[in-house]
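Produce the entire structure from the sequences given, and follow the hints as far as they go.
Chain by chain, the residues run as shown.
2 protein chains.
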Amino acid sequence: MTAQKDPMSYRDIKSVVLDRLRAGIWGPDSLLPSESDLATEFSSTRTTVNRALRELAEEGFLERKRKAGTRVLTAPARRAQFAIPLVREEVGETGADYRYALVSRQIETAPAWLAARLSLPAGQDVVALTCMHYADNAPFQLEQRWIVPTAVPEVLDEPFDTLGPNEWLLKRVPFSNLEFSVMASKADEKLAEFLDAPVGDPIFTAERITWLEGTPITLARMYFAPGYRMTTRL
Amino acid sequence: MTAQKDPMSYRDIKSVVLDRLRAGIWGPDSLLPSESDLATEFSSTRTTVNRALRELAEEGFLERKRKAGTRVLTAPARRAQFAIPLVREEVGETGADYRYALVSRQIETAPAWLAARLSLPAGQDVVALTCMHYADNAPFQLEQRWIVPTAVPEVLDEPFDTLGPNEWLLKRVPFSNLEFSVMASKADEKLAEFLDAPVGDPIFTAERITWLEGTPITLARMYFAPGYRMTTRL
DNA sequence: TAGTGGTCTAGACCACCCG
DNA sequence: GGGTGGTCTAGACCACTAT
Chain H
75 MTAQKDPMSY RDIKSVVLDR LRAGIWGPDS LLPSESDLAT EFSSTRTTVN RALRELAEEG
135 FLERKRKAGT RVLTAPARRA QFAIPLVREE VGETGADYRY ALVSRQIETA PAWLAARLSL
195 PAGQDVVALT CMHYADNAPF QLEQRWIVPT AVPEVLDEPF DTLGPNEWLL KRVPFSNLEF
255 SVMASKADEK LAEFLDAPVG DPIFTAERIT WLEGTPITLA RMYFAPGYRM TTRL
Chain B
75 MTAQKDPMSY RDIKSVVLDR LRAGIWGPDS LLPSESDLAT EFSSTRTTVN RALRELAEEG
135 FLERKRKAGT RVLTAPARRA QFAIPLVREE VGETGADYRY ALVSRQIETA PAWLAARLSL
195 PAGQDVVALT CMHYADNAPF QLEQRWIVPT AVPEVLDEPF DTLGPNEWLL KRVPFSNLEF
255 SVMASKADEK LAEFLDAPVG DPIFTAERIT WLEGTPITLA RMYFAPGYRM TTRL
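Read top to bottom, the protein sequences are chains H and B.
Counting from 75, one number per residue, gives the positions in the first sequence under my numbering.
Counting from 75, one number per residue, gives the positions in the second sequence under my numbering.
In short, the hints are calculated from the structure, not lab data.
Just so we're clear, the structure is a prediction, and the values are computed from it rather than from any experiment.
Errors might be hidden in some of the hints.
Heads up, the list lumps identical chains together, so a pair's fine if it works in one copy or across two of them.
[To be verified] With a straight-line cut-off of 20 Å between C-alpha atoms, the simulated SDA-like cross-links for lysine to any residue are: (1) Lys264 with Ala225; (2) Lys139 with Glu164; (3) Lys245 with Glu287; (4) Lys245 with Ala97; (5) Lys245 with Ala149; (6) Lys141 with Leu92; (7) Lys139 with Val177; (8) Lys264 with Gln180; (9) Lys139 with Arg246; (10) Lys141 with Arg125; (11) Lys245 with Arg96; (12) Lys139 with Pro185; (13) Lys141 with Gly301; (14) Lys245 with Asp111; (15) Lys245 with Ser104; (16) Lys88 with Glu287; (17) Lys245 with Ala271; (18) Lys88 with Ala113; (19) Lys88 with Ser108; (20) Lys88 with Ala209; (21) Lys245 with Glu137; (22) Lys245 with Pro150; (23) Lys260 with Asp231; (24) Lys141 with Asp210; (25) Lys88 with Leu286; (26) Lys264 with Val226; (27) Lys260 with Tyr302; (28) Lys245 with Trp100; (29) Lys260 with Met206.
Encoded structure:
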């Protein structure tokens with residue numbers, strides 16, 4: 075019935091397998107045929123079947139173990155994937171005009187919480203920035219950022235008056251490791267003023283810590299204007 | 075200098091390429107050698123190089139086009155990947171005891187915003203649930219959920235008094251499409267009471283809409299207790 | 001139109017790990 | 001011990017698209 079004569083691509087195989095999962099032909103926790111068997115059924119090769127199953131496993135549907143075989147996950151371990159775009163691009167995609175503004179820039183001793191968070195030595199100086207990002211001149215995001223000058227010495231000479239720190243840093247340390255978190259925080263007076271929101275309003279917040287080869291570079295907190303949400307479809 | 079004699083695995087190649095990106099040997103916006111050339115340099119085959127570069131592109135470092143070649147992205151389009159776990163597992167991983175409780179269950183006409191959101195016909199009945207998830211008996215998450223009975227008729231007979239709707243649904247429609255959003259919302263009196271938070275506190279909120287083959291199944295809003303954050307490392 | 005990546009084949013060796 | 005997936009090879013054809 076479901077036999078296929080012509081060779082199938084790994085995409086075809088993925089979609090057939092997904093269909094069978096949805097239809098319950100291969101129910102939760104059951105074992106799929108081996109790659110070789112599937113290759114035969116699909117008039118394909120093991121390499122092709124392997125790619126299909128590997129991707130389905132990466133996407134959270136299957137679990138694969140040598141010798142044990144390929145098993146259907148009972149609770150598909152779905153993953154939400156969100157892009158971490160540049161603010162400029164994020165604003166640009168909505169068709170709005172992007173504008174950047176520096177609010178403040180100073181050199182200060184790293185506050186204790188920051189030093190602890192980034193494993194900085196006590197008394198370490200950092201460059202502290204506050205910036206605003208606007209979409210069509212409406213507040214879009216307030217950015218608070220601390221940069222460690224021992225990691226990026228040029229930061230001491232950079233005024234950040236026309237280029238945001240994120241884009242500036244990307245030019246110097248484009249391929250870093252990072253930790254990215256999202257949370258909800260509360261608008262204090264400063265946030266309320268800059269984001270044009272009532273004091274006490276919930277503010278969607280992202281925090282990003284960047285390292286290069288184990289050396290902490292920067293911590294950024296991004297506070298979004300009311301109504302912002304991060305969405306993904308899968 | 076950097077010549078390799080023994081054949082390298084696709085992992086080795088990935089890490090060498092990443093090193094060169096970090097070192098700026100292949101700077102932003104520059105063109106990498108073709109797959110065949112790299113295969114020669116690495117004493118490997120094009121298939122293996124292809125897998126390495128393909129994965130690096132998926133991870134957001136490179137951009138690949140036929141004929142145009144492989145280009146280094148100026149601003150690496152990093153992606154944050156968050157797991158969407160079952161509450162039970164999320165709580166369990168912290169070592170805490172998980173407990174589920176049904177707060178309310180009723181059948182009601184879909185409110186207008188929900189009907190619009192899920193493209194339901196006017197006057198459609200839905201099952202409306204409110205549930206609590208506890209970690210070591212402390213509030214962890216309040217879940218508000220609406221299920222469309224025309225899509226899952228058995229829902230009308232399910233009391234949901236011992237098993238949460240998410241796990242219940244997973245057994246029936248495990249392989250669905252979904253839209254997942256996160257945002258910040260504000261604790262009203264009900265939320266404050268159940269999550270043991272002050273009224274007006276910012277509440278990290280996730281919303282999940284599920285379809286099966288284009289048919290809307292359910293919408294869920296998950297309100298997390300204060301202090302919750304979603305984190306990922308890359 | 002020529003060069004690049006996208007994909008498939010047919011075969012091989014190996015690491016892992018269940019029974 | 002033996003079967004499974006993980007990976008690599010060497011070669012091929014094709015689709016796309018920059019020039």
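Original post:
20 Å Cα cut-off: does Lys88 pair with Ser108 within a copy, between copies, both or neither?
Top reply: Classified as within; 15 Å inside a copy, 29 Å across copies.
**OP:** Please work out whether the CA atoms of Lys260 and Tyr302 approach to 20 Å or closer within one copy, between two copies, in both situations, or in neither?
**Re:** both (14 Å within a copy, 13 Å between copies)
Subject >> Intra- versus inter-subunit Cα pairing at 20 Å for Lys139 with Val177 >> reply: The answer is neither: 53 Å in one copy and 40 Å across copies each exceed 20 Å.
**OP:** Up to 20 Å between alpha-carbons, please classify Lys245 paired with Trp100: within, between, both or neither.
**Re:** The answer is between: 13 Å across copies meets 20 Å, while 49 Å in one copy does not.
Subject >> Intra/inter-copy verdict for Lys245 and Ala271 if alpha-carbon distance must be at most 20 Å >> reply: neither (33 Å within a copy, 43 Å between copies)
Original post:
20 Å Cα cut-off: does Lys245 pair with Arg96 within a copy, between copies, both or neither?
Top reply: Between copies, since 11 Å is at most 20 Å while 45 Å is not.
Original post:
Is it within, between, both, or neither for Lys245 and Ala97, if the alpha carbons may be no more than 20 Å apart?
Top reply: For Lys245 and Ala97, the Cα distance is within 20 Å only across copies (12 Å; inside one copy 49 Å).
Original post:
Within a copy, between copies, both or neither: where do Lys245 and Glu287 come within 20 Å Cα-Cα?
Top reply: within (17 Å within a copy, 44 Å between copies)
Original post:
Using 20 Å as the alpha-carbon threshold, which applies to Lys139 and Glu164: within, between, both, or neither?
Top reply: Answer is neither: 40 Å inside a copy and 23 Å across each miss the 20 Å cutoff.
Original post:
Are the CA atoms of Lys141 and Arg125 at most 20 Å apart within a copy, between copies, both, or neither?
Top reply: This pair counts as within: shortest intra-copy Cα distance 18 Å, inter-copy 24 Å.
**OP:** Evaluate Lys88 and Glu287 at a C-alpha cut-off of 20 Å and name the case that applies: within, between, both or neither.
**Re:** between (37 Å within a copy, 16 Å between copies)
Original post:
Between the shortest in-copy and the shortest cross-copy C-alpha distance, which are at most 20 Å for Lys264 and Ala225: within, between, both, or neither?
Top reply: neither (29 Å within a copy, 48 Å between copies)
Checked against the numbered hints above, the structure violates hints 1, 2, 6, 7, 9, 12, 13, 14, 17, 20, 23, 24 and 26; every other hint is satisfied.
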